[in-house]
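Chemist: If you read the sequences in order, they're chains A and B.
First residue of the first sequence: 1, per this note's numbering; consecutive thereafter.
First residue of the second sequence: 1, per this note's numbering; consecutive thereafter.
Derived from the structure by calculation, the hints contain no laboratory data.
A virtual CB, placed ideally from N, CA and C, is assigned to each residue, including glycine.
Be aware that a few hints might be false.
What the hints assert, rightly or not - Cβ pair distances, simulated, as ranges: (1) B:GLU22 x A:GLY65: 35 to 43 Å; (2) A:TRP46 x B:PRO118: 31 to 39 Å; (3) B:GLY83 x A:ASP11: 32 to 40 Å; (4) A:LEU57 x B:GLY83: 24 to 32 Å; (5) A:ASP11 x B:PRO5: 43 to 51 Å.
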Amino acid sequence: MLLFRDEEHVDRWRAARDLPRGGLLTPDQTERLARGWYGRKLAPDWRRHTLEETEALLAQVGLTGPFWNLREG
Amino acid sequence: MSADPLRFADDVRMYVFGTSAETGRVPQPPEIAAALGRATEEVREALKTLAAGKVLILAPNDGNIWAANPFCAVPSGFRVTAGGKSYWGICIWDSLGIAAALGRDAVIDAPCGDCGEPMRLEVRGSKLVRGEGVVHFAVPAHRWWDNIGFT
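Whenever a hint applies, use it, and build me the whole structure from the sequences.
Modeler: Okay, here's the thing in structure tokens:
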């Protein structure tokens with residue numbers, strides 16, 4: 001996941017690689033996603049999130065729709 | 001130190017992540033083996049177990065740790081400064097993840113993915129207090145682990 005100055009820079013980067021538009025997040029959404037994902041990574045009893053927990057985290061951060069669907073494919 | 005392979009893998013996990021957090025440097029198999037008093041090959045097997053469980057990511061060719069994510073073992077464009085130490089993240093998500101895992105205030109310096117212009121984010125009190133730009137995920141969520149390096 002890369003940080004860009006703005007959407008115009010995202011589109012220029014995509015066009016150079018012939019990539020479709022992916023998912024766009026604000027830095028604040030990304031911080032909340034990172035905190036939910038990695039906040040306990042150093043804990044002795046850390047374990048991976050279940051599929052359901054990951055879905056709940058994405059939804060909490062406002063990431064919904066087909067691009068963020070973990071079960072699709 | 002456990003003789004049970006899964007419990008030993010857990011010992012390796014705690015050493016790798018603890019050292020990464022404390023020093024900003026991700027330890028590699030010889031150092032881990034010396035610290036835990038085990039053979040380097042045993043450590044490499046434990047790392048394969050951890051990688052299979054998506055706890056960390058191994059470099060494709062030499063079996064060394066590429067990332068004890070969110071901590072990247074090799075310099076990247078994403079630099080995190082926290083608690084007077086420097087860390088590398090693979091991407092902007094992991095860079096913010098370093099601040100979250102450490103539970104510390106942090107400054108993240110990263111280039112614009114298109115033009116390379118320096119950008120800065122800042123986390124204080126578990127909140128983003130300085131942000132700029134937008135974050136782009138190129139890979140749909142259900143394919144994140146197909147090629148985690150690109151993701």
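Chemist: So which of those numbered hints doesn't the model satisfy?
Modeler: none
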